[in-house]
Amino acid sequence: MTYRIFLFLFINLFSFFSNGIAQNLGLTVLDSSFVRCKYTHTILADSSDINSTKEYTMLLQIGKNVSRFLDYQRFMADSTNLVIIKENIPDQIKMQKSLSLIPGEKFNILKRYPQGKITYTDMIAFEYYKYEEEMSSPEWILKDETKTILGYYCKKAEANIAGRKYEAWYTPDIPISDGPWKFWGLPGLILEIKDTKEHVFFTCISIERPTWKDNIYVYNKQGAIRITKNEFLKIKQRYMDSPGRFVENNPLAQNNALPSRAFEKRPYNPIEIIEE
Amino acid sequence: MKFSIVLFLLFPFICLSQITKEGYVRDKSDLQPIESAVVYLFEKENKILTYQITNNEGYFKIQYPSSIDSAFLQIRLLGYETQNIPLKKEKEMLEIYLQMAEFELKEVSVKAFPIWGKEDTIVYNVDAFKGLQDRTIGDVLKKLPGIEITQQGQISYNGTPINTFYIEGMNLLGGRYNIATNNISADQIATVEVLEFHQPIKMLKNIVISESPAINLKLKNNKMSLPSGTVKAGTGYEKDPLWTIDGFALQVQPKRQTILSAKGNNNGNDIAKELNDLIPQNDDMPYYRTTSLLHSKQVTDIPAAQKKRFLFNKSAITSINNLWKINEESQLRLNVDYLSENLQDHFDETIHFFLKDSGFILKEIYQHRIQNQQVHTTINYESNASTHYFNNTFKTQLKWDHSLSDIQNNTNITENYQIRNIDIANKLKFARKWNNRFWDISSLVQYTSLPQTLEIKSDMNDLDAQQRIYQKGLYSNTSSYITINHYPSTWRIQMNIETASDGLETTLNKLSLYDSTYSKLKTDEIRTKITPSYSYHHPKQHLKLNISLPATYHFSHIQDKHHQQKNNYFYLYINPTIRINYRFSPLWETALSYRWNHTRGNIQDYLNAYLLTSYHNLIRKDGIQRDSRNHAISVRVNFRNPIRGIFFYTNLIYMNRKNNLLSSQEFSTNAITTSGNIQQNNQQNTWLISSYFAKYLHSIRTNITMNIQYNIATAEKQQQKKYTHKSENYTFNPSLNTEISKHLSLNYTGKFIRNTLNIGNQESYNSKTITHQLIQEIAAYLFPSSKTEIKVKGEYIYNEISSSASSGLFFIDVGINYKLKQIEFNLTLNNILNQRKYSCIVYNGLDTYHYSYRLRGKNILATIIFSY
Chain A
1 MTYRIFLFLF
11 INLFSFFSNG
21 IAQNLGLTVL
31 DSSFVRCKYT
41 HTILADSSDI
51 NSTKEYTMLL
61 QIGKNVSRFL
71 DYQRFMADST
81 NLVIIKENIP
91 DQIKMQKSLS
101 LIPGEKFNIL
111 KRYPQGKITY
121 TDMIAFEYYK
131 YEEEMSSPEW
141 ILKDETKTIL
151 GYYCKKAEAN
161 IAGRKYEAWY
171 TPDIPISDGP
181 WKFWGLPGLI
191 LEIKDTKEHV
201 FFTCISIERP
211 TWKDNIYVYN
221 KQGAIRITKN
231 EFLKIKQRYM
241 DSPGRFVENN
251 PLAQNNALPS
261 RAFEKRPYNP
271 IEIIEE
Chain B
1 MKFSIVLFLL
11 FPFICLSQIT
21 KEGYVRDKSD
31 LQPIESAVVY
41 LFEKENKILT
51 YQITNNEGYF
61 KIQYPSSIDS
71 AFLQIRLLGY
81 ETQNIPLKKE
91 KEMLEIYLQM
101 AEFELKEVSV
111 KAFPIWGKED
121 TIVYNVDAFK
131 GLQDRTIGDV
141 LKKLPGIEIT
151 QQGQISYNGT
161 PINTFYIEGM
171 NLLGGRYNIA
181 TNNISADQIA
191 TVEVLEFHQP
201 IKMLKNIVIS
211 ESPAINLKLK
221 NNKMSLPSGT
231 VKAGTGYEKD
241 PLWTIDGFAL
251 QVQPKRQTIL
261 SAKGNNNGND
271 IAKELNDLIP
281 QNDDMPYYRT
291 TSLLHSKQVT
301 DIPAAQKKRF
311 LFNKSAITSI
321 NNLWKINEES
331 QLRLNVDYLS
341 ENLQDHFDET
351 IHFFLKDSGF
361 ILKEIYQHRI
371 QNQQVHTTIN
381 YESNASTHYF
391 NNTFKTQLKW
401 DHSLSDIQNN
411 TNITENYQIR
421 NIDIANKLKF
431 ARKWNNRFWD
441 ISSLVQYTSL
451 PQTLEIKSDM
461 NDLDAQQRIY
471 QKGLYSNTSS
481 YITINHYPST
491 WRIQMNIETA
501 SDGLETTLNK
511 LSLYDSTYSK
521 LKTDEIRTKI
531 TPSYSYHHPK
541 QHLKLNISLP
551 ATYHFSHIQD
561 KHHQQKNNYF
571 YLYINPTIRI
581 NYRFSPLWET
591 ALSYRWNHTR
601 GNIQDYLNAY
611 LLTSYHNLIR
621 KDGIQRDSRN
631 HAISVRVNFR
641 NPIRGIFFYT
651 NLIYMNRKNN
661 LLSSQEFSTN
671 AITTSGNIQQ
681 NNQQNTWLIS
691 SYFAKYLHSI
701 RTNITMNIQY
711 NIATAEKQQQ
721 KKYTHKSENY
731 TFNPSLNTEI
741 SKHLSLNYTG
751 KFIRNTLNIG
761 NQESYNSKTI
771 THQLIQEIAA
781 YLFPSSKTEI
791 KVKGEYIYNE
801 ISSSASSGLF
811 FIDVGINYKL
821 KQIEFNLTLN
831 NILNQRKYSC
841 IVYNGLDTYH
851 YSYRLRGKNI
861 LATIIFSY
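Protein chains in written order, with our numbering: chain A, 1 to 276; chain B, 1 to 868.
There may be inaccurate statements among the hints.
[Said to hold, decoys possible] Pulled a few chain B residues facing chain A out of the computed Cβ check, cut under 7 Å:
(1) 41
(2) 49
(3) 68
(4) 72
(5) 76
(6) 105
(7) 108
Simulated from the structure, these hints should not be mistaken for laboratory data.
Think of the CB as a built atom: it goes at the ideal place given N, C-alpha and C, for glycine as much as any other residue.
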């Protein structure tokens, strides 16, 4: 069984390297952050199983022009790798290998990049996908309720976003209209947000002002496949329904029988629910 | 539906009664639009009506009912000054310019990561590792995965000892960092940083490759207006009253650091080790170490046993350490230490000398009284800039050792050793950088004086003897190098001129010896060394390479003043070294090194006389030059993943040494051994494999480490006839510390050792001895409340002494601690089972030493600790 999983992983990786995408790695620095926040992100992976909560630590880098939101573990592994990544050397592939094995959320959200838009990148099976969407503010309804988070005075706001009803806590003391994930549009930084069913939850665990140059960068790599948001959500759904079937058309996967587990449906509870 | 109609009807009216304000927000300095600024619409001072966020053109549009009279806009964005703009009733297009401003952000964090990494720095968050039982930063350092601390207190990171110990980036203590690790409270430290491949000289960073890491302690408060520390006093009882007293103060400011420490006790706590220099000497310009020919008896490190169990002491130390930061680059440091020790040591010793037919056994009962006093001072000035480096260190060391031993074998014997040592040294280093060239000049001047005497008296007067030795030396070493750096390659040529003038005078008065009891030697030596070297290091690439090829021309002039002889010798030798580092990935790294070393003996080898080093050991010196050739190869593989808390390394070392002298030992009838050397080529081979693995599980606050060692060494010795001895040993050393709940923590350490000694000739071994040793220690810390701590510690030591005899000892210590704000009360009961005797075995070449030590019995100690 373990062997099969390994094989599966191997195919996963090998195909990733072989498609030539990784050839021109290298990165572009878009901005550097002046505020950095970490959030704990929990999500109920399976909406029918109350015990399926997964927890991640996420990082929000807020720059003057661009902000970036991603998994902190992956970010750290990335910056450890950064010294090497800068060089255009074949071993990046090895590095990339180590990156794709690192657990955690694989998505990367850039707000206000390009101007007025959100760029969302994520990995499904062994491909990177990328889409852009308009950065339109949700219709927030400001409430009078207040509470303190991390010593900051916060106010409540509510909105319906992508099929879920959210309750957010933002602090007017940090006048930056940003927040975790794609959330923004409030007159202060969002320190906590959850949907009313409590499937999706983000809470701030640290706020710092970097004393070093904390770059916000994107990989030129990836040659990520550009698609629309709706296409992405469908592909992801298709993958989660049966990862095995999703990859079996790949020439590499055909010769090796995939473990039956790979064809099983995986629980999937996306933050954004497809509007049919 | 009805509602819709009403709304439809009202629509024109609503439209009419709205005022629209639109405009652009720009940066005052460059007139660029400001995106995502918050535009509030206030009705009154405190009433926000609505808000808008500017888009990517800095544009906003805001609407409000015309019924509002005094509305104003407030534009806010972190990093800019907030602006209020009163609004007029009529429609207008606003152009708003924001001025950049310094902003303050309250930085907060609820849950920090235990370990993280940034390029070559690994950062450990102290609070994540600190348990309630941990007092000093040293207690926490022991638990950090990837960091190992020896019994002596030496810190290694992934197998390599550190080369600098910083507090807030400043090197206050030099190599005596035990003063910091044993005393600074863990509560004061925010993070411990490991700086991998640390090059302390700024301008050589990325040019001269360093293998060693450094440690930096980051304090929670680095601007202390008042010193902080502890004052401790305690008393107890064993057979006689016990006492301990202790004061420590630390003050860290951006421009000044101070540590003062004064301690004394008679309860077995080894405070002398705080003054040990723990930083390995670098090859560049080492201090000269004159090894004394006589050794005053010291309390030996007994394998496996904790020192506090057998140390009968009365010790006191004081240490004054000051550092002043003169400017950004320069600092001045002053360290003064004083140590005074009175030690007692009781043991039985049985030596099994290996002989062809039957062994030869010597039994003795020892009682030592040792007095030891030392004063060290260091004055150091350092200026470490990006274009130049200057460092001057002036060191003095005064030592008095006096030991008196009463020995019983068949008769009663006393040995009285007195050794004094004065050592004064000044080391200077200056380096400069122009574009891609470096020039460096270093110099060391050192004076050592080492008079030693041994007086032996016995009941029957037949063993009475007196040995006097006077060693002194004046040394200098001047080196200069030029470096040309063609990125990423560096060529360097270094020139060293070393001069050494040594004096050695030995006098032996002993009844049974008539000749060769006096000698007086003087040597003058000049070593001229030229070292071309090449290194390759691209900070962004994986490969680091260093090759050096030092050629030494060695001239010695030897005068034997006793025999009126003079001799001159010339030698030439080349000792190449090569080192390669390769980083496979940010996590994996490997290193390979090879070193060839050809050495000649020193003044002690020219000696042609007998020396008496103890009542039963004579050393015969024949004046034959020692010549030894060494190969050493080492391979290491390193892995670290700070995010997952995994650290791992494996080291393999092979050494081969070819000697022209074979060590020999002879026995005479009255149990006196004579050791010396005979001229015969021989070889020594050593293999050493050591492996370390550590994993930190943050979610259950548990650290697991495993240390495995295997080594095998073969050598030859003449003892009646020539024997080859091969010793082989395995060590497994697991440890675990875990916080089971808020109320219970556990620490476990185990050690399993298997020793094999084979003796025979080169073809086969016909004598084989196997012994095992097992040590297990478990400590449980219970916290019934936040103020109370109960400690229970069990230790089991099992030693096999021979194939038929073994000893198993069980120790229990308990303690209770009660904390009341700044004051702590502590009551400890040590060795409750009252174990009094500890037996163990030590191999030395062919011979086996069996010791039986007296231990401290059951004792109690009550202490009050005041922290400020």
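Going through the hints against the structure:
1. Hint status for residue 41 of chain B relative to chain A: violated, with the closest Cβ pair at about 11 Å, above 7 Å.
2. Annotation: residue 49 of chain B was flagged as interfacial toward chain A, and the flag is violated, the nearest CB pair being 10 Å apart, outside 7 Å.
3. The interface hint given for residue 68 of chain B is broken, as the beta carbon of that residue sits about 17 Å from the closest beta carbon of chain A, more than 7 Å.
4. Violation of the interface hint for residue 72 of chain B is found here, the shortest Cβ-Cβ separation to chain A being roughly 15 Å, above the 7 Å cut-off.
5. Checking residue 76 of chain B against chain A by beta carbon gives a least distance of about 4 Å; that is within 7 Å, so the hint holds.
6. Restraint check, residue 105 of chain B versus chain A: the minimum CB separation of about 5 Å is within 7 Å; hint holds.
7. Satisfaction of the interface hint for residue 108 of chain B is found here, the shortest Cβ-Cβ separation to chain A being roughly 4 Å, below the 7 Å cut-off.
Checked against the numbered hints above, the structure violates hints 1, 2, 3, 4; every other hint is satisfied.
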